[in-house]
Amino acid sequence: KAGVTQTPRYLIKTRGQQVTLSCSPISGHRSVSWYQQTPGQGLQFLFEYFSETQRNKGNFPGRFSGRQFSNSRSEMNVSTLELGDSALYLCASSLDGAYYEQYFGPGTRLTVT
Amino acid sequence: AQTVTQSQPEMSVQEAETVTLSCTYDTSESDYYLFWYKQPPSRQMILVIRQEAYKQQNATENRFSVNFQKAAKSFSLKISDSQLGDAAMYFCAYRSNGANSKLTFGKGITLSVRP
Chain A
541 KAGVTQTPRY LIKTRGQQVT LSCSPISGHR SVSWYQQTPG QGLQFLFEYF
591 SETQRNKGNF PGRFSGRQFS NSRSEMNVST LELGDSALYL CASSLDGAYY
641 EQYFGPGTRL TVT
Chain B
51 AQTVTQSQPE MSVQEAETVT LSCTYDTSES DYYLFWYKQP PSRQMILVIR
101 QEAYKQQNAT ENRFSVNFQK AAKSFSLKIS DSQLGDAAMY FCAYRSNGAN
151 SKLTFGKGIT LSVRP
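Protein chains in written order, with the numbering used here: chain A, 541 to 653; chain B, 51 to 165.
No lab work stands behind these hints, which were simulated from the structure alone.
From a predicted model like this one, the values you see are computed outputs, not experimental measurements.
Wrong hints could be hidden among the right ones.
[To be verified] Rough simulated footprint, nothing fancy, chain A against chain B, three-plus residues with beta-carbon under 8 Å:
#1 76-86
#2 104-116
#3 146-155
The beta carbon of each residue, even a glycine, is placed where N, CA and C say it ideally should be.
Isolated chain A, as found in the complex:
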C-alpha cells in the first residue's frame, strides 16, 4: 500500500507570496490532518479534513487555509507569507476515529526569505 505523499518536498518563497502544498493520503483514509513543525514550537495542529469538510482547526491565523477533494487528497494554502511561516509542514492520514494511528508523509520544507 502506498504511503502518504506530499508535494513539493522543498519550497522557497518570498515574503508576501502565497503557497499551496499538496497531500495524497493512503488509499481508504478519509481523514487528513496538517501540522506545522518548527524547532521552537514543535508540532502544532493546523486543521483536519474528513469527507471534504474541515472538522477541526488549530490556533492559526486565517492566512492558513485548506481543502479536501472527493478523492480525499488535500491541499493547504498559506497567503501573504511571513518569515515565521518557515517550517516543515506535515500531512497525516488515518481511518476515522481517535484510536487509529496517523500515517505521516515526508513533509514539505517551506523556507520564506
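Add chain B to chain A, keeping to what the hints say.
For chain B alone, coordinates are given in the frame of chain A:
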C-alpha cells in the same frame, strides 16, 4: 485545553542499554488515547506504541513498553536493548475520544544512541 509536556529535550543511551523517556499530560477527559511517535532524522514519523486510557495494562511492542499512570497523568516510554536505529526524535501525543478531537503533541525529545 489538553497539554502534553516532555521536559527533557535530549537524552542519550548506550547501545544495548535501557532508557526511559518521560511524558506528562493534562486533561479533564476520562476517555482518551496516548501515543508515542518516532521521527528518525530526515525520515517519516511513525507510531511506536499506543495506550488506551481505559486499559490498566501497560502497552508493549517488542522492545518498547510504556508506564501509564492515569492518576498521575504520566506516560513514559521504555526502550530496552537500545539499538542504533532507535536514534530519533520521540513525541508523546494525546487525543481524546470525543468527536472532532485533535492529536496534541509534546515538544519532543531527541534520543541519541552511543555505539
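Results of checking the hints against the structure:
no.: 1; hint: 76-86; verdict: holds (count 3)
no.: 2; hint: 104-116; verdict: violated (count 0)
no.: 3; hint: 146-155; verdict: holds (count 9)
Checked against the numbered hints above, the structure violates only hint 2.
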